[in-house]
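*Asks:* Given next are the chains, with one letter for each unit.
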Amino acid sequence: MSTVAATGSPRIAVDKLGVLIALIAAVAALMPFAAFRANRIVVGISKGIFEALPLWEAVLVALALVAAILVALLRTPRLWRLFASLAMLAVLFVAIGHSASFLTPEGDRLARVSPGAGFWLAVFAFALLAADSFTRLKLAPWLRIVTLLLVAGAIALLLWSGAWNDLSILREYANRAEAFWREGQTHIALALGSLAAATVVGIPLGVVCHRVDGLRAVVLNVLNALQTIPSIALFGLLIAPLAWVAANVPGASAIGISGIGAAPAMVALFAYSLLPVVANTVVGLEGVPPAATDAARGMGMTNWQRLAKVEFPLAFPVILTGIRIVLVQNIGLATIAALIGGGGFGVFVFQGVGQTAMDLVLLGAVPTVALAFAAAVILDAIVEMVSTGARPA
Amino acid sequence: MKIGLIVRLVVLVLLVAFVVSPASFEWAFLPLTKNNQPAIYTQNTLLSLTLSHLTFVAIATVASTLVAVGLAIVVTRPFGAEFLPLSRSLANIGQTFPPVAVLALCVPILGFGAGPTLVALFLYGLLPIFENALTGLTTLPPSVNEAARGVGMTGRQRLLGVELPLATPVILAGIRLSVVISVATATIGSTVAASTLGEVIIAGLLSNNVAFVLQGGLVVGVMAVLIYDALSALERVLMARTGQRR
Amino acid sequence: MIEIDALTKDYLDLTVVDHVSMRIDDGDIAVIVGTSGSGKTTLLRMINRLIEPTSGSVKIDGKDTRSVPAHLLRREIGYAIQGHGLFPHRTVGQNIATVPVLMGWEKPRIAARVEELLELFQLPADQFRDRLPSELSGGQQQRVGVARALAAEPKLLLMDEPFGALDPIIRAKAQADLVGIQKRFGTTIVLVTHDMEEAIHLGTRIAVMDQGKLLQYATPAEIVVKPATDFVGELLGSGDRAFRLLGLRRIGDFVEPGEASGAPVSAEQTLRDGLEEALWSGRAVLPVVDGAGKPVGRLTLATLQRLGARPQ
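Protein chains in written order, with our numbering: chain R, 1 to 393; chain H, 1001 to 1246; chain A, 2001 to 2312.
Do not rely on the hints blindly, as some may be mistaken.
[To be verified] Residues of chain A placed beyond 12 Å of chain H at every Cβ, according to the derived structure: (1) Met2001; (2) Val2058; (3) Val2179; (4) Phe2185; (5) Gln2211; (6) Val2225; (7) Ser2266; (8) Glu2277.
[Said to hold, decoys possible] Far from chain R by the CB rule (all over 10 Å, computed), these chain H residues: (9) Ser1024; (10) Ile1202; (11) Ala1240.
[Said to hold, decoys possible] Examples of chain R residues toward chain H, derived with CB under 7 Å: (12) Trp120; (13) Ala131; (14) Asp132; (15) Gly332; (16) Thr335; (17) Met358; (18) Ala365.
No lab work stands behind these hints, which were simulated from the structure alone.
Quick caveat, the model's predicted, so the values are computed rather than measured.
Just so you know, even glycine gets a beta-carbon here, dropped at the ideal spot from N, CA and C.
In isolation and in its complexed conformation, chain R is listed as follows:
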């Protein structure tokens, strides 16, 4: 609509969101771009953009910022806005890496340079613009996945090129590269493994709940109650029974079951995952139009055929939505597993909190958020792809 409005009035039109973004970006420009610390735990020294970068680079960044703010402020075509926001984010990302190299004295392995509030605020402002242009462009689902891959590729390229190597979060990574990938694998294994188990158990359970009236309320209530147990408590409570199983069931410890570590984490995540899967299966099956099941009955389908050929395909998008909820939730919750020795990115978060080393916290939190975000984008796109034509949303 905005382009139509713009052609309708010849005078310059201002975009409301653009005003907000311009304000945030202007505040960001006045705040410190980076923070320098002589070592990991001392208080940082704030550096404005002209202190944090060589003069010509700072001027370039400032000019880019003004240009991007103008694109945001005026009613410009959506594609322009998208490209402007992505370009500005790229400029910011490259600049913060340069700033780290610029501020770190040659050969100093102790000094830490981390992004300042100004950097984060500017990133927030243009991420906002990017998100808005994306939403308004209404891209096809597969295009969204492609875009996600492109952005991921660009970030990987930045990491690989070493442009960020002097940033504090990568200093932390460099000290723990091996542990990082190990915990990353554990994290993903925890999230996906519990999801797989919940899907295998939850969907049939949902079907049974749909068919057997008495069972539905009982199962859903129990699963609901389970969700209210705080995650750290559930993780903890599973330690004792699993330790008992490991000690008393032959072969249990041989396949990796033990009181502490990944096993209780896996079981707890599985327990949390059941409710969304079962509930969405029930809701999806209940949402099948009665006319469709009636017609299926009328054509002489057996119970089983009706489920497989009519009900399940129609309910599938809703069930998939449940799986999306579970995956995003599990990627977040798996962080807690670290508290009971279950591993995952939470290890760095809690270590960082313990040592008041925020770079370490970021090393754990950033990949977690990135994983959850990517999972949400991909599964949302898939849900949309399977829903088209199946039913009006």
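Got chain R; can you put chains H and A on it based on the hints?
*Replies:* Frame of chain R, contents of chains H and A only:
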């Protein structure tokens, strides 16, 4: 219904009794301990932890309700309509941030203790309320909206007289979700030194004392279930009051 | 009196209402008929400015509707829609009182008006005033919807497919109620429908619309006898033109002196009813009585035959 009410009352009484005087329940937790571990957490009284836990949840929920409902109202008015698609996708993206990450990321700005916990609870509580408020305000029956305009109500009269009252049960459902999430998430606040019931659980995890983990978890879980129940009941009353049916 | 002058509504490149002009006199029931997408609802909604016209004007009693703020204009005009649009969270009484409250009437006056309307629509106040809309049947909800539209004693009532959601028996009753109320208050009514039968039954004037244009605006008899275009003829259907024509006239106006045997028909019934009775009972002559049951003359099949023929 009557039996359900009695069960809930009994559970509530037990919860209060346990929180006020945990020592009287020591016998129940003793079998879970090993090597003469204490069965009841005494570093801080359960009562004070529970109260501070609930205070965190209450403050955060009130704040997120005000902000979320306010935002939802703004983006559903004509002058804020431009922000509607963005706010929807932001709410969607926001939900992908795990609470632990939100909590941990707040520490550098706010330091340890109450600050980051409140902010994390507030931010995390925003989303369900905002989403439900949006749903409530945008899915009124079209004929009702049409009639409200047709009888000559101003925008303000429609909002206060028709849209908000009809959306209240849906908003309340969002608040209910938000409170339950907050009650559980507040426990994680103890990892950044906020004084909540998570303290008991973490103490149990660190000293390998199942009794601590259980009593902390039980109090939090039972509180969450009771609050969830009470708000569900209130929601049903409101649905009936506003002549709507699910 | 409502004067609609060259009223037009464009959406981007699409013209949904195209230079429509018509005049509706006080006390008329003007029915706008058309298929879906004909622009009939848009035309109606431009009268109370739920939709702002692109060009053209609407004058009510000589005053341009744009001279008052839209919401104040709407309070002066009754508005009833399909699916009634009752506020589910307000009681029947509160729903009916909506506009009087908006207009700041005093409480006793509002209460009296609510009571009056409820009685008028055969919904005893003590039984219905404090119920919620969801506790009423479809027909009752529809009546409350109309009562709400009439609450502030508007001189003009707009109705958008008001009987669309009702089953045939309740619909006939609701239509009869509407005619009775219109007589009682003298309200001018503009009603939108896609049902030509309903239009002929209710309207004193009928406006036929297609693709945004007003094709014909005339009395029901004229529409039946002289459809302006083929499309109007199609809307009428060719199967029962004669019956439609007879259905528009009162037996009382065509009585001749004399007597006849058998069960009488009432002077208030239509010629269509008379024909039906004559054919069904196999009589060529029917006795006619007035409202009080007193014989006033007779009706012959020959008269019916003459009146049902296409006018020359």
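*Asks:* Confirm or reject each hint.
*Replies:* Status of the hints after comparison with the structure:
1. Met2001: Holds, since 21 Å exceeds 12 Å.
2. Val2058: About 16 Å separates valine 2058/A from the closest Cβ of chain H, which puts it past 12 Å; holds.
3. Val2179: Holds, because the least Cβ-Cβ distance between valine 2179/A and chain H comes to about 22 Å, which exceeds 12 Å.
4. Phe2185: 18 Å, holds
5. Gln2211: 24 Å, holds
6. Val2225: Nearest chain H Cβ is 36 Å from valine 2225/A, so the label holds.
7. Ser2266: With a cut-off of 12 Å, serine 2266/A remains clear of chain H, as the shortest Cβ separation is near 39 Å.
8. Glu2277: Glutamate 2277/A clear of chain H: closest Cβ-Cβ about 41 Å, beyond 12 Å.
9. Ser1024: At about 22 Å from chain R, serine 1024/H clears the 10 Å cut-off, so the statement holds.
10. Ile1202: Since the minimum Cβ distance to chain R is about 7 Å, isoleucine 1202/H lies within 10 Å and the statement is violated.
11. Ala1240: 20 Å, holds
12. Trp120: 10 Å, violated
13. Ala131: Holds, because the Cβ-Cβ distance from alanine 131/R to chain H comes to roughly 5 Å (cut-off 7 Å).
14. Asp132: This interface hint holds because 4 Å falls under the 7 Å limit.
15. Gly332: 3 Å, holds
16. Thr335: With Cβ-Cβ at 4 Å, under 7 Å, it holds.
17. Met358: 4 Å, holds
18. Ala365: 4 Å, holds
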